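Participant: So the chains spell out like this:
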Amino acid sequence: MEYYDLHVRFPFEKFGEAGFSRICVWNRDIEEFEDHKHGEKLLLLQSNDPDYIKPRIKRASLINDPDYKLDMGIVRAAAKYGKVFEIPVRPVLTSSGIERAMLMKRMSRFLELCSKLGADYAITSRARDQYETKHPAELISVGCALGLTYDQALRAITEVPKSIMRTRV
Amino acid sequence: MGVKPTMREKRRYLGFRIEADGRLSGKEAEAGVLKGILSFIGELGFAKANPKLIRFDPESGIGILRCNVPKVERVQGALSLVNSIGGKKAAIRLLGVSGSIKKLGKKANKKAI
Chain A
1 MEYYDLHVRF
11 PFEKFGEAGF
21 SRICVWNRDI
31 EEFEDHKHGE
41 KLLLLQSNDP
51 DYIKPRIKRA
61 SLINDPDYKL
71 DMGIVRAAAK
81 YGKVFEIPVR
91 PVLTSSGIER
101 AMLMKRMSRF
111 LELCSKLGAD
121 YAITSRARDQ
131 YETKHPAELI
141 SVGCALGLTY
151 DQALRAITEV
161 PKSIMRTRV
Chain F
1001 MGVKPTMREK
1011 RRYLGFRIEA
1021 DGRLSGKEAE
1031 AGVLKGILSF
1041 IGELGFAKAN
1051 PKLIRFDPES
1061 GIGILRCNVP
1071 KVERVQGALS
1081 LVNSIGGKKA
1091 AIRLLGVSGS
1101 IKKLGKKANK
1111 KAI
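Which chain is which? The protein sequence lines are A and F, in order. Using the numbering used here, the letters of the first sequence map in sequence onto residues 1 to 169. Using the numbering used here, the letters of the second sequence map in sequence onto residues 1001 to 1113.
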């Protein structure tokens, strides 16, 4: 099975050893991602303002709202145009206590809404160094902790990222 | 007289490797792992999971943790989210889950630890 990590923020050379088939490294200069091996590019749309996200959904490959606001309009539009929400693990990893609990609650509710409205989501690591990288099994465990079933979490690191790579901008 | 086999606590063994920014002693590793689980699944979850560090090798950073079957997924999630141990930057890599230590060793060896 091919595993993908669509958002890594450092040159992660040993991604094959970590169990991934392909990764995308964030490129600070052009604000796009680049497939580590194949030079393909993805566009991340990130904002906590729904009015900023809505008109730009069609252009984006990945969408992320750091606050995980429950906006049915955005989720419906993403489902309609086949766009994918990014669920990064790093914010959960770097927070603790009540902050982590609240963040996980918001993520969990957001994933529930995505599942209900048929929008896709991809779990990514957003790792900035080797200690923040996660193996596929670990990403699945985090997905399960966020309320996904094993199959949903598995799909979020296999089929969904693969479909983005196929229909990239 | 013990309990019936059906009433026995069902356990799973989790193999893991700690990658840290420096050498960790057994006590540091145990404290870090258990603290990570406690902070993630809470006191009640911790009591139900009943995690215990069975062994830990400070040289290789490889260890075995035991917990109850219904809470395995939660414990796995908790281990994945540990980012520092004993004040050092660290990550816990899961090597495998098994019902016996012997089989866990075989699984871990297959992963070329």
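Treat the hints with care, since some could be wrong.
To be verified - If you only want the chain F side, here are some residues facing chain A, beta carbon under 10 angstroms, derived:
{"#": "1", "residue": "Val1082"}
{"#": "2", "residue": "Ala1091"}
{"#": "3", "residue": "Ile1101"}
Think of the hints as simulated: they come from the structure by calculation, not from any bench. All figures in this text were calculated on a predicted structure; none of them were measured in a lab. All C-beta atoms in this analysis are idealised placements derived from N, C-alpha and C, irrespective of residue type, glycine included.
Participant: Would the hint on F:Val1082 be counted as holding, given a Cβ-Cβ threshold of 10 angstroms to chain A?
Facilitator: holds, 9 angstroms
Participant: Under the criterion of a CB-CB separation shorter than 10 angstroms, is F:Ala1091 in contact with chain A as hinted?
Facilitator: holds, 4 angstroms
Participant: Should the hint that F:Ile1101 touches chain A count as held when the rule is a Cβ pair under 10 angstroms?
Facilitator: violated, 20 angstroms
Violated hint for the displayed structure: number 3, the only one.
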